[in-house]
Each structure stands twice: as C-alpha cells, then as structure tokens.
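Take a look at the letters that make up each chain.
2 protein chains.
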Amino acid sequence: MASTQEAAGNKSSEVSDEPTPAKQPRLDQPTASQESTAMQQHDFKKFRLVEILDNSQRAKYVALLGKFDTTDGISSSSSSSSQDGKNGEDSKSSSTSAILLLEKEAFPVEQLQQSQLGLSLFDHRQTVETVMHNDIWHKYRLPLESSFCLAKATLVHPATDRLAAKYRRRPCHLVVESPEDYRKRTEPALKSAGAKHSLAWVGNLLDGSAEADRLVFDDPDPAVGFVLHADLKWDGRRIDDLYCLAVCRVDGLHSLRQLGAQHLPLLENLMDKGRKALRDRYGVPLSQQRVFLHYQPSFYHLHAHFTHVSADWPGQQAERAHLVTEIINNIRLMPDYYQKATLTFPVKEGEPLYDAYKDQLDLL
Amino acid sequence: MASTQEAAGNKSSEVSDEPTPAKQPRLDQPTASQESTAMQQHDFKKFRLVEILDNSQRAKYVALLGKFDTTDGISSSSSSSSQDGKNGEDSKSSSTSAILLLEKEAFPVEQLQQSQLGLSLFDHRQTVETVMHNDIWHKYRLPLESSFCLAKATLVHPATDRLAAKYRRRPCHLVVESPEDYRKRTEPALKSAGAKHSLAWVGNLLDGSAEADRLVFDDPDPAVGFVLHADLKWDGRRIDDLYCLAVCRVDGLHSLRQLGAQHLPLLENLMDKGRKALRDRYGVPLSQQRVFLHYQPSFYHLHAHFTHVSADWPGQQAERAHLVTEIINNIRLMPDYYQKATLTFPVKEGEPLYDAYKDQLDLL
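As you go down the protein sequences, you meet chains W and X in turn. When the letters of the first sequence are read in order and numbered with the working numbering, they come out as residues 1 to 364. When the letters of the second sequence are read in order and numbered with the working numbering, they come out as residues 1 to 364.
In case anyone wonders, no lab produced these hints; they're calculated from the structure. Check the hints yourself; a few may be wrong.
One copy or two, either will do: identical chains are not told apart, so a pair holds if it fits within one copy or between any two.
Claimed, not checked - Below, computed lysine to aspartate or glutamate pairings styled on DMTMM-like, alpha-carbon distance capped at 25 Å: (1) K191 with E51; (2) K45 with D219; (3) K191 with D355; (4) K184 with D355; (5) K46 with D69; (6) K166 with D54; (7) K340 with E268; (8) K166 with D123; (9) K340 with D181; (10) K45 with E110.
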C-alpha cells in the first residue's frame, strides 16, 4: 500500500533495515540449500553487469541491471512467475535478467557506543591515503574493517524490462503550473492516466481491513477525520526517522489545488489530532513534526505526510512538499490561494505529466 | 566563505571528494614521515572514542569525538595552534582531543561501468546473509570487497570543546513565525547575535577580490545585479550535483521577510540571467535548475541557491527552502505577502533564535 504507492521518490528506502536471522553460506560455496525452493541462494559470482540504472552519491545507493551467466546456482524456477511478465517472450527474456539494489549500511552507532570500539572501525592491514593537511584539518581516506562493509541488497529476479524501467533513473524537470495550465494540461493528463489506477487500497486502509497493525490513530469523523498509520518505509524503531501517513476520510479531494477556506477545519484537525497522536505514541514534540502534502501527490486522494524534523527522507524538498502550516496560512490570507497560485512541481521524463508539459520545458 | 558560512546544515558535505596523490603508509606501521612536519600521519590505532557527536543513516556519516592515547604517533605540535583555542587551559585540554568525521564513499559507478566488474563488488570469502525471499523479491546482506570499503575522513586535531559543540547534533524544532513574532522576537534576537558576525567575505566576493576562480557570472547592475559562484561544497565535476550561489549586489536586504513588489525585477533577473549562465557554462536546462532562498538564511545579505533538480543537498527541505518561482508568484498575488505571512523555519537548540522562541515551542 502506502510504501508501494509512495516509493517512486527513492527506491533506496525500500531496502529493508531489518534483517532476520538466516543461514549464512559463503558466496563461493554453493550449498545444498541453494537447490531447494525453501531458501534459495543466488550465486553472485555469476552476476554480470549490464547497466547501472541509478545511483545516489548521498545515500550510497546503486541500482544495477544484470544477468546471471547460466541457470546454475540461480534460485529455483518456482519463483519465476513474474507479476510483470506480460507474454511468453517477455517472460523468457527476463528469466536470467536481474535487478540488484544495493545500499551501503550506515555506521552502527549503537555498536560503537557499547563496545567503545573506536578504531577497530578500521582495517589496520590496509593502507591509509593522506589527502591533505592544513593546520588542525587533516583529510584521509581510511579503509574500513570488513564487518562495517556490508550492503543491504534487494535482488529482483527474474526481472522484466518493465521492472528495469521502474528503477532506471530518468531526468527530472520542474513544471511551473498556472491555474490555466492546471485546467488545460494537468487535469486532462491525470484523468486519462488515472483511469488505469485503483485506489481500493485506500478504502481498505479507511475501513480498517488492511494494515490495522500499523494504525496509530483513527478519527472517524466523515468530514474532517483521517486514519494515521506508520508508513512501511519507516522501521518503527529510530524516532529520528519517524514517517507516518494520514489518509483523510473525505472523498473527492484530489490535491492541494482544490483546497479552500472550507477545508481549514480539516487541515487544523490534522495538525492538532495527528501531531498529538504521534506525541502520545512516540514522544515526538509537536514542534519536531514536519507535516506536509505533496504536489503532485503520488495518488489522488487527500493525504498528509508526518515526519520527524530530523528525518532525511526523499520527497521533503521545496519543489514537492508543502507544509500544512503554510497551506493554512495561505488560505487564511487568500481563501482561493490554491486556485489562483502558480505552483511548481517536479516531473520525470516519461511520466504522463511530463508529456503534457514537454513543449513548455526548456530542454536545450 | 560560502562553504564555511553555509556548512551548518550538514557537515558531511565538507568531507572532500577529491583525494590528491599522497604517500600510503600502512595504519599500523608508523613511518619516518610521521615525525616530520611536512606530512604527518595520525596513528588511528591510538584513537579512543569518547562520544558520537552526530550520525546520519541516509548519508552514512558519523562525527566522532575521541582522544589519542598518547602523544606518540600524533601529528607534530607545530600544527597545534588551534584557531579556536581561547586560553592556555583550553589549548592544553584539547591537545589530545580530536574530532573524526567519517562518511562512507559512494559506489564508484564510473569504475563499475568501465570494467564491467559486476560482482567483484563483493568479497566472496565472506558469508552472505539471506534476509528473506518472496516471489521475485530476495533480500540479502552482502559483504563488499575491500576496495569499495573506504571512508572519507576529516580529522580535526587538536580539537577544542567549541569545535566539538559545532559538530554535535542538536535537536531541531520548527518555529511558526507571525509578522508580530518577526518584529518582537526574530529581529531583536538577530540584531544582538548579528553584531558578532562580519560580512567582509561577502564584500570580497562582490568586488572580485576573493574566489575569482569560482566565478560563473557577474551582473554589475547595483540594483538587480549579482555575482554567481560555484559553491565550495560542489566539486564542480558531477553535473547532477551542481550547487552554485548567487549573492545580490543590493545592500540592506537581509531576508525573505523584506521582499516586496519593488524586488520583482531583481528576482526575475536572478531567474533569467542566473539560470542562463548555468545553462551556458554547465549545460543544465532551465527546467532542471532549483533556485531558492533560505528562511532563515545562514547570513543576512540576500543570496540565492542554484542546485540541479537531481541534487540531494541538505537545506532543500520545505521548511527551509523557498523556490524563487513561488516567491515571485506570492508577491504578484499579494505585494506585501512576506510582510503578512506566517513563516515556518527550523531552529536548533542553543541557537539565538531558539532561545527567542523557546517559550512558544512544544517541548513536552
């Protein structure tokens, strides 16, 4: 649900932070369990790089497209019924293609604190590279000890071309949308694209038939009420990384563009009850909660994001996130602000809204 | 200048990406050169962790405070004249204290592309941990080969308590500032704090006596002109990470709060000439440039940030960055928008503005 719908911003957030206990075979020693369907083990020595789909300098993340050289050592064919395989040829060509999402692990601060490991962080058998010295400032490149050199890996295998396209980095542009643009370009593009999407999962959230275990708060009021869930992107442990999602109960509100004075009670209720619920559950002061809407949102049923102000999630940038305090202020200053405003939002090449605005963009 | 003044947001961006050729002694083998003042080498085996000052899950960054066990193997005392050492005692206590900023290196995509290394990424002597399997989705923890396990390190040594405080993570809060708050709290707090700061470096930028080598564009008009420099945070190589800073020539404009209809020519000139200069120099289309002001800014002389829309820099979040397209739109809708608006901004505990607003914040 939420995490699937919201994941477009950054795939690295899909890489799990919660490893579960499992067997630990060595990479170069295929074991009997690799042949079983219960717990297959891929032979990464046979993975050949075809394309780097994406990479992030900041998150230390790469998305790789590759192929397994042979079918030996590849996980059993029992799992080859790809959801994205549309036809026989697609399935066949994808049978050895794989997408490998890698993200370096963060420094394990708890471990450092407990053991006072200090410099057992480093591999003292390796060489250190001196970059520069200037007064009290010294720059080095230091080799890390192998236990600090793990990558969280998600392997999608077998993978189709459609899946590869999902993870491939595409150039992004900023669209500057006037009210007239909204009527003439955005609305028609969304209507024709939206026909393909189902929001059944939103209904399941609202009636409690899905993700009840992640529910934090439920305000049943049909006009101003909402359900607030811990987002699947968040592991629920580190409070500094808090990410929750509030889905409003009112139907027919698609985005920021429709908000006006009549929605002030809804927005104020979100800020009041939503933040207090997170304070009560997680101990986060109201003044440390960032509450915002996306424009454009990734699904067109009004919802708000709640994150810890210290959290460094994708989708919080100025061109996408609109603080609810700011929205309330704008509507108070000018009740039809969001019908009159020129709004900027990002689009990726190939998306329906990109095609709708392509002729307006400066593409060199 | 710019990078020093702007660095408050995230110290990890200070860690250089540009290693220069240097000797490569082994960490556990002190060499003769360690005793020389020309190229000292710290003995990281003698670094003992005292405190984890900061850490970022996303950037894989930690700031560590520690001490060197003895003075053996520590860089020569010729570099111990700390800029921050205020008195004898401070200098003495800091003589073995050190701050170590570590950031894992990103995956080297060029290297992967050239060599088709594929899975030489991984250390095949180490064990792989299986986290889960579900249909085509497989999660692992993979050991990385040692050449992909380097950390960019900045050692500040000797380090004072003041320097440690600079790198120590402090809780952050969102202030909601009404126009009245601005007059009664923000302005007085900034005036008393501002008396301590010099903006001489801004003058040096504007008259060309500093950083001329990083100048991208200069519009000499005293009313709407500006100088545009490549920011020191950016290495100038990866276009996706572009970061430039425009400093306006007009004097007396401190922040967003003062902008009105009379500044539309200045803002439009920035958007027009600044973006075109970056298109001409770096080939970045106008629609891929994010142009924004900070509120609160880190120094109170009007300046704008230009980044590539794909760049993942700190300080681009909705609570700090205001797109210039949005600012222009707001002033067109309501010429005194920024004098009437309620603006949200982040403050860190201990900052002058935090103290000015402490009683308004919800601190539990």
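The hints, checked one at a time:
1. K191 with E51: neither (34 Å within a copy, 55 Å between copies)
2. K45 with D219: neither (52 Å within a copy, 56 Å between copies)
3. K191 with D355: Only inside one copy: K191 and D355 sit 14 Å apart there, 49 Å across copies, limit 25 Å.
4. K184 with D355: Within one copy only: 13 Å inside a chain, 49 Å across chains, cut-off 25 Å.
5. K46 with D69: within (5 Å within a copy, 46 Å between copies)
6. K166 with D54: within (10 Å within a copy, 34 Å between copies)
7. K340 with E268: both (22 Å within a copy, 20 Å between copies)
8. K166 with D123: neither (38 Å within a copy, 29 Å between copies)
9. K340 with D181: Cα proximity of K340 and D181: one copy only (11 Å, versus 28 Å across).
10. K45 with E110: between (33 Å within a copy, 20 Å between copies)
Hints 1, 2, 8, counting from the list given before, are not met by this structure.
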